[in-house]
Structures are given as C-alpha cells and as structure tokens.
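Position chains B and C against the provided structure of chain A, taking the given hints into account.
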Amino acid sequence: MVRDVAFGQYFPGKSLMHRLDPRAKLICFIAFVVLIFFTFNYAALGLVAAFTVFMISMSGVSPKFYFKSLKVILFVVLITSVLNLFYGSGDPIWQWWILRVTWNGIHRAVFVTVRIICLILASSCLTFTTSPTELTDAMERLMKPLSKIHFPVHEIAMMMSLALRFVPTLLEETDKIMQAQKARGADLESGGFFKRVKALIPILIPLFVSAFRRAYDIATAMECRCYRGGSGRTRMKILRMRAKDILSMITTAALIGGVIVCNIFLTSVI
Amino acid sequence: MFISIENVFFSYDSVEDGKPVKNAVDGVSLTVEQGEFVAVIGHNGCGKSTLAKHLNAMLLPDSGKVYVDGDDTADENKTWDIRGKVGLVLQNPDNQLVASIVEEDVAFGPENLGVPPKEIRERVDNALKAVGMYEYRMHAPYKLSGGQKQRVAIAGILAIQPQCIVLDEPTAMLDPSGREEVMSTLVRLNKELGITVVLITHYMDEAVRAGRVVVMDSGRVLTQGTPGEVFSQVELLKKHRLDVPQAAELAFRLKGCGVDIEHIPLDEEECAKMLLEVMK
Amino acid sequence: MSHILELKNLSFVYGQGTPFEKKAVDDLSATIEKGEFIGIIGHTGSGKSTLVQMLNGLMKPTGGQVLLDGRDIWSEPKKIREIRFRVGMVFQYPEYQLFEDTVYKDIAFGAKNKGLEGDALDKAVRKAAEFTGLKAELLDKSPFDLSGGEKRRAAIAGVMAMEPEVLILDEPTAGLDPMGREILLSQIVNYHRERGITVLLVSHSMEDIARVADRIMVMSHGSLHDFDKTKNVFAKGDELSRIGLKVPQITRIMQLLRESGADVPDGVLTVDEALEVLSSLLKKEGKLW
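Residue numbers (our numbering), protein chains in the order written: chain A, 1 to 270; chain B, 1001 to 1280; chain C, 2001 to 2289.
Check the hints yourself; a few may be wrong.
Quick look at which bits of chain A chain C covers, simulated, 3 or more residues with Cβ under 8 Å [unchecked claim]:
| no. | region |
| --- | --- |
| 1 | 176-189 |
| 2 | 206-213 |
Restraint-style ranges between C-beta atoms, simulated for each label pair [claimed, not checked]:
| no. | chain 1 | residue 1 | chain 2 | residue 2 | range |
| --- | --- | --- | --- | --- | --- |
| 3 | A | 76 | C | 2244 | 41 to 49 Å |
| 4 | A | 72 | B | 1077 | 36 to 44 Å |
| 5 | A | 74 | B | 1114 | 46 to 54 Å |
| 6 | B | 1255 | C | 2033 | 37 to 45 Å |
| 7 | C | 2145 | A | 145 | 42 to 50 Å |
No more than 30 Å apart at the CA atoms, straight line, and that leaves these computed lysine-lysine pairs for DSSO-like [claimed, not checked]:
| no. | chain 1 | residue 1 | chain 2 | residue 2 |
| --- | --- | --- | --- | --- |
| 8 | B | 1022 | B | 1238 |
| 9 | C | 2284 | B | 1255 |
| 10 | C | 2060 | C | 2034 |
| 11 | C | 2105 | C | 2078 |
| 12 | C | 2022 | C | 2246 |
| 13 | C | 2141 | B | 1022 |
| 14 | A | 64 | C | 2060 |
| 15 | A | 195 | C | 2123 |
| 16 | C | 2141 | B | 1255 |
| 17 | B | 1143 | C | 2060 |
| 18 | A | 71 | C | 2060 |
| 19 | C | 2023 | A | 64 |
| 20 | B | 1078 | A | 237 |
| 21 | B | 1280 | C | 2283 |
| 22 | B | 1118 | A | 237 |
| 23 | A | 244 | A | 64 |
| 24 | B | 1238 | C | 2231 |
| 25 | C | 2078 | A | 198 |
| 26 | A | 198 | C | 2079 |
| 27 | B | 1143 | C | 2284 |
| 28 | B | 1273 | C | 2229 |
| 29 | C | 2246 | B | 1280 |
| 30 | C | 2283 | A | 176 |
| 31 | A | 71 | C | 2022 |
| 32 | C | 2246 | B | 1191 |
| 33 | A | 176 | B | 1078 |
| 34 | A | 176 | C | 2127 |
| 35 | A | 176 | C | 2105 |
| 36 | A | 198 | C | 2060 |
| 37 | A | 14 | B | 1118 |
| 38 | C | 2022 | A | 14 |
| 39 | C | 2079 | A | 176 |
| 40 | A | 71 | C | 2023 |
Note that these hints are calculated values from the structure, not bench results.
Backbone N, C-alpha and C define an ideal beta-carbon position, used for all residues, glycine too.
Bound conformation, chain A alone (with noise of 0.2 Å):
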C-alpha cells in the first residue's frame, strides 16, 4: 500500500539529532549532500559513508526504517550501477558482446551505489528528525534576508509545511478512491501503456476534485484561526543555536576538510 512508504516520515523522539536546531541540521545537510558527489576516491567515500553511519547511530530511529526508506529505491540503485557498470573507460577486464566491465567501471558502480545510498540514508535521517513544521520553519528563517527584495518567503514556507501536511491524507485518499473504482470494476492493472494512461483518469479527476474542495476548507480553517499572512505572526518555538549546534556545524567542517585533504593528497580513482 501507498501508506507503507517509510521515506519522508517524522518520528518524534529525543535524540541528539531530534534536538539540533533545524537550521543547523538544514545546513549541515546541504553541505553533506555537495560534498557526497565531490568524493573521488576511496578514502573519501569511507569518510562520507561513515559520517552517515554516525548521523543514523545518533538519531534513536530504528535501522529498520532507513532499509525501509532503501527499500523503495532499490530498483533505481541497482539500474544505475549496473549501467555505470558497463560504460567505464579503460581496458576491459571481461566482454562479451557489446558488454564490457573495465575496472573504472566498476569503480563508478561502488561510488554511484554508495553515493546514492548515503544521499538516501542522510534525507531519510533529516526527515526522521525533523518534523516538517520545524524543517519550512528552518527554511523560512534561513532565507528571510530574501524578503527583503520582496522574495515570498512566509508564503513558500506555509505552502511547503501545508504540502508537507496533506500528504499522508492524499495518499489515504487516493488509496479509497483507488478500491472505490476497482469495486466498480475499473482495470487499473492489465492492459498497454496508453490503456493504463486512460485508466488512471477515474482516481486523478476524483482526486483532484477533492483536492481543491479541501484547499477551500482548510483556507476557510486558517481564517477562522485569525490567519492573515506573515506579518505580525510569532512561534511557539523559539530557534536557538546552541553549543551542540555549532559543534555539529564544526563537525560539518572537519568533515569537508577531511574529504577534500583525501581528494587533494590521494589520486581520483573515478
């Protein structure tokens, strides 16, 4: 089922990495996330996997969870290395056809897999982490010099929590449409591509309707709830940086620092 996804959801806790300020954990991440693809060899893998490694073991979510969130994109990891696989550069170590591995292929299929992987593993312990009020509110703080040269900020942020928000009930939504329309005997399963195409207009029209009924609601909701834009507005939760947010921040660091002594001291092996 839809709902099972693991990817994405937020479960409450009290890890160290639950209580890192948002802005911080946002940072961090962004960071992490560039210096994935700037590992060329080895050593600078390692270091990165093993940070992810870290950031899991410090966020009290169950392992289970991160597999789960793995699970789902299993399919595009094992497509993408096998074709890096094929396409490196170099003498070939065997062939046969058109095939051939050489060792920069199989090079590239160990780095895209465990970049995809870390990639995966680091957004799934962000999103664990972090509610998704606390992530748009980070969002929204980290770029509020932006409204300065009139950048919608508030407005983006609200959108994204309130997105963020109605996901689960969509997909539960699109779940009973689905079983409403099988029951009426819809095909949603056989048939050529543009046969599928066609079958899915009876869940997306529904869908979408019921879609545009509930934005009206919950606009009628916010308003009743003295909602009228950003301005004038204060949170409940005040964002404050504290010792453990710079020292992650600086753990951050260290961490560019050592990948990039790694790149400059060792040769690319990709």
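Just chains B and C, lined up with the frame of chain A:
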C-alpha cells in the same frame, strides 16, 4: 447579551449566472447569552451553517446586523477582534488541522495573533488538557481517530481563548464513540470553563444536551426553547420531517391514544420512569 | 433457500510477517442466504470494513475462503474483476468516486465495465437512477453540480447499475440529515424487495439497522461476536454494551420496563411495535380503552 443577530438576510450568488438565489438565511433574529449552550438544528440547506459563518464575520449579512460583544461584524476594523472572540470549528476534522504535529497545530491560532512564545506554550498545553488530548501532543494528526482529530481542532480554537465556540456539524463525520468524545468535551467546556457554545447539528440526541434548542427551516427560525419545550412539539417537528428522540415519539403517540402524559420525556430513563408511573 | 455467501475460517492479517502484524479479521465463519437483508454492526476498528472488502475480492484473505454461490471467489485470481460485478460495494462517502462529465455516464461506468451495452445498459442506468430517486433531468448534468445528497444517490446508483447479486453498503447514510437518511434507507429497502437480491448494510445507527435487517452480524475485535435474528441480537442489550455498542433507544426503554417488572417482551425494535405492546398492556389493565 453576547451575540445578537438582528433580522439577518443572506443569499449566495448562483454559480450559473452570478445572480443571488433564494435566501439561505431569510430574516433571522436570535440572541446568545454569555455562558449559554445553544444547539441549532434543521435539515441540510436550512441555513444553519450559513448562519454559523455570520457569527465570526466569515460571512456578512446582505441586510440586518450581527453584533458580537457589542461590535458590528460588518466593521472591518473589528474582524480580527471578533474572530478572536468567536471561534468556528468546521465539519471535516481533516481539513482544519494545518500542521504535521498536534501541538504545532494548536499553536497556529495564537501564533497568528502574535502571542509571545512562552504564553503560546501555556495556552497550547492548557487547550490540549481541556480536550483531553495532552498525551497526544507529539502525534501526527493523520494518525488520530476522527473524534480525536475533532478534539484537536477544538483545542486549536480554545488556544485563541475565545469567549464563544461555534461548531458547524462537528460530529457529522464521526462514529458514535467519536461523537460522544466531542459532545462530552463540549459539555465540559461549557460547564467548567464557562465557554459559550453554539452547536450546529442534525443529531437530535445531541441537541437534547443543550440548554436551548433553536430549530431552523428554510432559512428561518421555526421554534426555539429548552429541549423539553422543543421536543414536545412532536407534531411540528414531524411535519418538517425532523427527527424526534424515540422516547419523545413514543410518549407523544401514547398521549394521542388517550394516555395521560404531562411531560414529554427526552431520554430512555425518563421515559421508562414515566411509563411505569402510568402503568401503576 | 440457498447459500449465496459462505465465509469459511476467513482471516485477514495486515503487514503479515512484519513487526506491525495486526489481525483485522480472525477466523470468521458465517453463511448468508440468498435474498437476506443483513446488518453489520461493530465499532470502528472491529474489522467490519476489512470483512466487507474481502467479500468482493478487493482484499485477498490471508486465510480461509469466501464462497460465492458455492465457488471460491479466488479460485481463478485472473477473473476476480467479475466477482466485483456480482458483489457490488458502496463505500462510505461514495460521492468522491464521481468523475465523468455527466451523471448518466458516471452511473454507467461500472455497468459498462461489466460489459453491458446498448439498450441493456440504458435500462440498467435509468432503473438504478429511479431506485435512488434521481430525477431523469439530472442525468445530463455534471455530477459536480449536484447537491450533496444527490451526489450520494448518483454514486450508489453507479453500483446498483451493475446489477449485482449481492449489494454491500458501508454506512450509506453517513453525514446525511434525518430526512435524507430516512428516504435513502427506504429506497434501499425498496430495492432489496423489488430485486430480491442480498443486501449487507454496515451502519452505526442501531435505529436504522433495527428497522431494516433480518439478521445482524455483530463484529468485535475481528471476530463474529454474534450472528442472529435482529430481535435476538438486540434482546441482549447488556452483552452489546459490553463491547461498546448500544441498542436502539426504544429497545432500551422497553428493556428498562422489563427490568422493573413490567410484562413486556424482549427485543422490541420500533416505536410502532412498542406502541402496540404498551397500548394492549394498558387496555388489559383497564387504563386505556
């Protein structure tokens, strides 16, 4: 008096030609006193929901006036004051929870009002305790049952600290246990915190628990009074095809057969007692 | 009479093999006769929804069998769609399933999937609209322009038009006002009587169930707590309240009278019935002429 509705008319514009269609609210005058528990009943389309939206300036009358605590709802400068005094809870609990965590949702109202963070925290905790959802403050709304969601929605309004809560068919989408959760919460808020409650519903067994019942039909007030007064008018209610508690119906029909019955009972215990009396 | 549905040791476990394993329906057996009107009661989470979705093959039982007219519905998994035409299912708040540009086309959707066409299709659609009290002039309108109650009718008609042998309705009257509830309920009763098919009605309203059902399935914690004639089920008020269910108000009143020593029967279901009992009792005692 806290809310005063004076000869209000209102009609929606037609989707087809943009012209007003028949009046949804057709000349209603009504008052609500501080601390009252008023139930408004009637069919779908009788104008009760439209009337509810007039109480917190979500809709403004075409003609007539609505005063909340002395302020005219048509006065734009007062709109936000009024919404701070009269909170509106809607029918679909899913569509009024805006945050992904219960306590963050409850904080939404006071945040909009610019309340200082420390006070928001207090208000959120108190509101959640008042509806019995404090233990669930860290939960995700979509995982709650219907009754729990609706209680969180009520807490979200309570955190604004209104004097009056208006609820537009809050139990229509709930199962019996969810309905009971919401109803007992409302009764308690009214009794213990003195909050004025205006409950729009089409369940008669809920209306029975109010202090005063207003029956609406075709945009007008058909009759009003204590539950006892209203539900003893079995004939009138039946004529307008409104539900009557089975206890009241039985008593009324026995009376019609010539049995000597003075008071029309509203619940089962009362009815059984009355019948035993008659049979003695 | 012959069995239309036979449930044999039916079970459904969510997330089987995971730590989140949850038994929704547990080893349930029951037999339903052709033409019966069955009420299904039980509070939220008792397994009602899972049970009914297994009856038309929307959910595949993790254990046991559903026999429709003596045949296991999963004997040919490829043909499970055909079962859905024979066992029609109306979900809660079915109006969200409307999607076509006219009401007519929407009602025809299921029947067309079943393979009806031409006159037979037209007849099925119009008959279904009639059963649910949808006026003919509404059929050319967009379903999204209908009122809430009319949408509900259109959605129910869409399942009736498939001309199923068994019709399951999950809380068809939820959210309607008393008048709407009453009218829809009598239309369903009418439909049942005219077509002679089997109807399963899931409802939280004991008053409604008491009025229409021949027999009641009482669900509790995934098992069949009781399956008996309506009168007998509601005669056991204490037992029902122990699993969080109520009896109709009128039944409760009569039960209270009985407990106080009055000579009234058990399991009185409607106001009419109670009135009859009481007036004859009063006449006997000379309090009423």
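Quick rundown of the hints versus the structure:
Coverage of the region 176-189 of chain A by chain C holds. Counting CB-CB distances below 8 Å, 11 residues qualify, and the rule asks for three or more. Closer than 8 Å: that is the beta-carbon criterion, and the region 206-213 of chain A has 3 residues meeting it against chain C, so the requirement of 3 holds. Judged by the Cβ atoms, the range 41 to 49 Å given for residue 76 of chain A and residue 2244 of chain C holds: they are separated by roughly 47 Å. Restraint check, residue 72 of chain A to residue 1077 of chain B: a C-beta distance of roughly 53 Å breaks the suggested window 36 to 44 Å.
At roughly 48 Å, the beta carbons of residue 74 of chain A and residue 1114 of chain B sit within the given window of 46 to 54 Å. As the Cβ distance of residue 1255 of chain B to residue 2033 of chain C is approximately 41 Å, the hint placing it in 37 to 45 Å holds. At roughly 48 Å, the beta carbons of residue 2145 of chain C and residue 145 of chain A sit within the given window of 42 to 50 Å. Between residue 1022 of chain B and residue 1238 of chain B the alpha-carbon distance is near 24 Å, which keeps this suggested pair within the 30 Å criterion.
Between residue 2284 of chain C and residue 1255 of chain B, the direct Cα distance comes to roughly 17 Å. Compliance with the 30 Å bound is thereby established for this hinted pair. With a CA separation close to 23 Å, the supplied pair residue 2060 of chain C and residue 2034 of chain C stays within the 30 Å bound. Proximity of residue 2105 of chain C to residue 2078 of chain C is assessed by CA-CA distance (about 27 Å); at most 30 Å being required, the pair is judged to hold. A threshold of 30 Å between alpha carbons decides the hint, and for residue 2022 of chain C with residue 2246 of chain C the separation of about 26 Å falls inside it, so the pair holds.
Between residue 2141 of chain C and residue 1022 of chain B the CA atoms are separated by roughly 21 Å; this keeps the pair inside 30 Å, and the hint holds. Only pairs whose Cα atoms come within 30 Å are accepted, and residue 64 of chain A paired with residue 2060 of chain C is accepted, the gap being roughly 27 Å. Of the supplied pair hints, the one linking residue 195 of chain A and residue 2123 of chain C holds, its CA atoms being roughly 27 Å apart against a limit of 30 Å. For the proposed pair residue 2141 of chain C and residue 1255 of chain B, the alpha carbon gap of about 48 Å is over 30 Å, so the pair is violated.
Between residue 1143 of chain B and residue 2060 of chain C, the direct Cα distance comes to roughly 24 Å. Compliance with the 30 Å bound is thereby established for this hinted pair. With a CA separation close to 24 Å, the supplied pair residue 71 of chain A and residue 2060 of chain C stays within the 30 Å bound. Taken as a hint, the residue 2023 of chain C and residue 64 of chain A pair is honoured in the structure, with Cα atoms around 22 Å apart against an allowance of 30 Å. As the CA atoms of residue 1078 of chain B and residue 237 of chain A are separated by approximately 29 Å, the hinted pair is consistent with the 30 Å bound.
Restraint check: the Cα-Cα separation between residue 1280 of chain B and residue 2283 of chain C comes to about 13 Å, which is no more than 30 Å; the hinted pair holds. For the suggested pair residue 1118 of chain B and residue 237 of chain A, the alpha carbons sit about 9 Å apart, so the restraint of at most 30 Å is met. For the hint pairing residue 244 of chain A with residue 64 of chain A, the CA-to-CA distance comes to about 27 Å; that is within 30 Å, so the pair holds. Distance check on the hinted pair: residue 1238 of chain B and residue 2231 of chain C sit about 27 Å apart at the alpha-carbon level, within 30 Å; holds.
Proximity of residue 2078 of chain C to residue 198 of chain A is assessed by CA-CA distance (about 21 Å); at most 30 Å being required, the pair is judged to hold. At roughly 21 Å between alpha-carbon atoms, residue 198 of chain A and residue 2079 of chain C fall within 30 Å of each other, so this suggested pair holds. Between residue 1143 of chain B and residue 2284 of chain C the alpha-carbon distance is near 57 Å, which puts this suggested pair outside the 30 Å criterion. A C-alpha spacing of about 29 Å is found between residue 1273 of chain B and residue 2229 of chain C, which places the hinted pair at or below 30 Å, so the restraint holds.
Taking the CA atoms of residue 2246 of chain C and residue 1280 of chain B, the gap is about 28 Å. The hint holds against a cut of 30 Å. For the hint pairing residue 2283 of chain C with residue 176 of chain A, the CA-to-CA distance comes to about 55 Å; that exceeds 30 Å, so the pair is violated. A hinted pair counts as satisfied when its Cα atoms are at most 30 Å apart, and residue 71 of chain A with residue 2022 of chain C qualifies at roughly 22 Å. Distance check on the hinted pair: residue 2246 of chain C and residue 1191 of chain B sit about 26 Å apart at the alpha-carbon level, within 30 Å; holds.
For the given pair, residue 176 of chain A sits about 43 Å from residue 1078 of chain B by alpha-carbon distance, which is inconsistent with the 30 Å threshold. Distance restraint check for residue 176 of chain A and residue 2127 of chain C: the Cα-Cα separation of roughly 27 Å lies within the 30 Å cut-off, and the hinted pair is therefore satisfied. The suggested pairing of residue 176 of chain A with residue 2105 of chain C holds, with an alpha-carbon distance near 21 Å, which does not exceed 30 Å. Our distance criterion of 30 Å between C-alpha atoms is met by residue 198 of chain A and residue 2060 of chain C, whose separation comes to about 26 Å.
For the hint linking residue 14 of chain A to residue 1118 of chain B, the alpha-carbon distance of about 21 Å falls within 30 Å, and the restraint holds. With a C-alpha separation of about 28 Å, the suggested pair residue 2022 of chain C and residue 14 of chain A falls inside the 30 Å cut-off, and the hint holds. Restraint check: the Cα-Cα separation between residue 2079 of chain C and residue 176 of chain A comes to about 22 Å, which is no more than 30 Å; the hinted pair holds. Using a Cα cut-off of 30 Å, the hinted pair residue 71 of chain A and residue 2023 of chain C holds, with the two alpha carbons roughly 25 Å apart.
Figure legend: structure checked against the earlier numbered hints; hints not met, in rising order: 4, 16, 27, 30 and 33.
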